[in-house]
Amino acid sequence: MSRIGAFEELVLLAVLGLDGSGYGVSIRDELEAETGETISLGAVYATLERLERKGLVRSTVGSATPERGGRRKRVFRVSATGTAALRAMERIRSQLGAPAPARA
Amino acid sequence: MPDPLSLVGWVVDRDRREEILGDLCELRTRESALAFWGDVAGVCLHARRFHRWVGATAAVVLLGVTATARQNSHRMVTARDAAGSFVLEFDGLRVVRATLDGAPVAAERLVQENGRLVIRGGAGSGGDLNIRLRPDGSFYWRGRIPQNLPTP
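Order-wise, the sequence lines are chains A and B.
The first sequence begins at 1 in the working numbering and counts up one residue at a time.
The second sequence begins at 105 in the working numbering and counts up one residue at a time.
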């Protein structure tokens, strides 16, 4: 399974939270709202592209809208592999945070 | 001032251009000019095509610098030993020509390998001139024997 970095994990979680409606701007908005930090749009695009190459997200091209100058959105959805990667990260985190078993 | 969307359209990969330009178009209506230009810069700096351009430019600059450095490494050094004077003409760390007592040395008399240079002496020349060349460009030599030693 692909290893994911901290920012990749955040982007994956944001995509998951947007439930199939996430695209560049909305993913960045979600990340900024949750982290309280300014996030570079370029970093979001680069991470989404990397996640797609790893097979952790899938994208489809939506329809054109007037506020976008007639340009279409690329909408992202977390793949089954991406969900498994998030679960694996959660498991690792809980195991690392759990108290060590008592020794005899 | 250039149109930011044209700039981004020029830098980002073709297969991602439409959605990125659309996102920026959407942001332009709701962000301050400063924040918008920040986004434009961020998108350009993260674009793979931009990284490829930077890499290609760096490679060209490096080649140019290396070629210039090679040209600059051409030098001539005059030195003396007990038998007389000699001149070494370097190209980088390699001696390409030499002169012994003002007379050019034939190429076949220059034997150079593993940081050592031997200038084979002709008849009546006082023997071979042995030179050790260091990687930093410095060199050391063992002097020839002078031909006309003063009689005691």
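Warning: the hint list may mix true and false statements.
To be verified - If you only want the chain A side, here are some residues facing chain B, beta carbon under 7 Å, derived: (1) Ser-40; (2) Ala-43; (3) Arg-71; (4) Pro-101.
Said to hold, decoys possible - Negatives, chain A to chain B, calculated, CB over 12 Å: (5) Leu-16; (6) Asp-19; (7) Ala-33; (8) Thr-35; (9) Arg-58; (10) Ala-64; (11) Arg-72.
Stated by the list, open to error - Not everything, but these chain B residues come out facing chain A in the computed CB check (under 8 Å): (12) Leu-131; (13) Val-191; (14) Phe-194.
Keep in mind that the hints were calculated from the coordinates and are not lab data.
For every residue, glycine included, the Cβ atom is placed at its ideal position computed from N, Cα and C.
* To do: Mind checking the CB of Pro-101 (chain A) against every CB in chain B and telling me if the closest is under 7 Å?
  => Not OK, violated: Pro-101 (chain A) not within 7 Å of chain B, min 44 Å.
* Interface hint for Ser-40 (chain A), Cβ within 7 Å of any Cβ on chain B -> holds, 4 Å
* **Outside-interface status for Ala-33 (chain A) - nearest CB in chain B farther than 12 Å** => holds, 15 Å
* **Status of the hint placing Leu-131 (chain B) at chain A (closest C-beta pair under 8 Å)** => holds, 6 Å
* **Interface-negative label, Leu-16 (chain A) against chain B, beta-carbon threshold 12 Å** => holds, 20 Å
* Asked: Taking the closest Cβ pair, is Ala-43 (chain A) under 7 Å from chain B?
  -> holds, 6 Å
* Beyond 12 Å from every chain B Cβ - status for Arg-58 (chain A) -> holds, 14 Å
* For the hint on Arg-71 (chain A), just tell me whether its beta-carbon gets within less than 7 Å of chain B. => With Cβ-Cβ at 3 Å, under 7 Å, it holds.
* Mind verifying the non-interface call on Arg-72 (chain A)? Its CB should be farther than 12 Å from each CB in chain B. => violated, 6 Å
* To do: Confirm or reject the statement that Asp-19 (chain A) sits farther than 12 Å, beta carbon to beta carbon, from all of chain B.
  => holds, 19 Å
* Asked: Against chain B, does Thr-35 (chain A) keep a CB gap of more than 12 Å to every residue?
  -> Nearest chain B Cβ is 16 Å from Thr-35 (chain A), so the label holds.
* Minimum Cβ separation between Ala-64 (chain A) and chain B greater than 12 Å? -> violated, 8 Å
The structure fails hints 4, 10, 11, 13, 14 (numbered hints given earlier, in ascending order).
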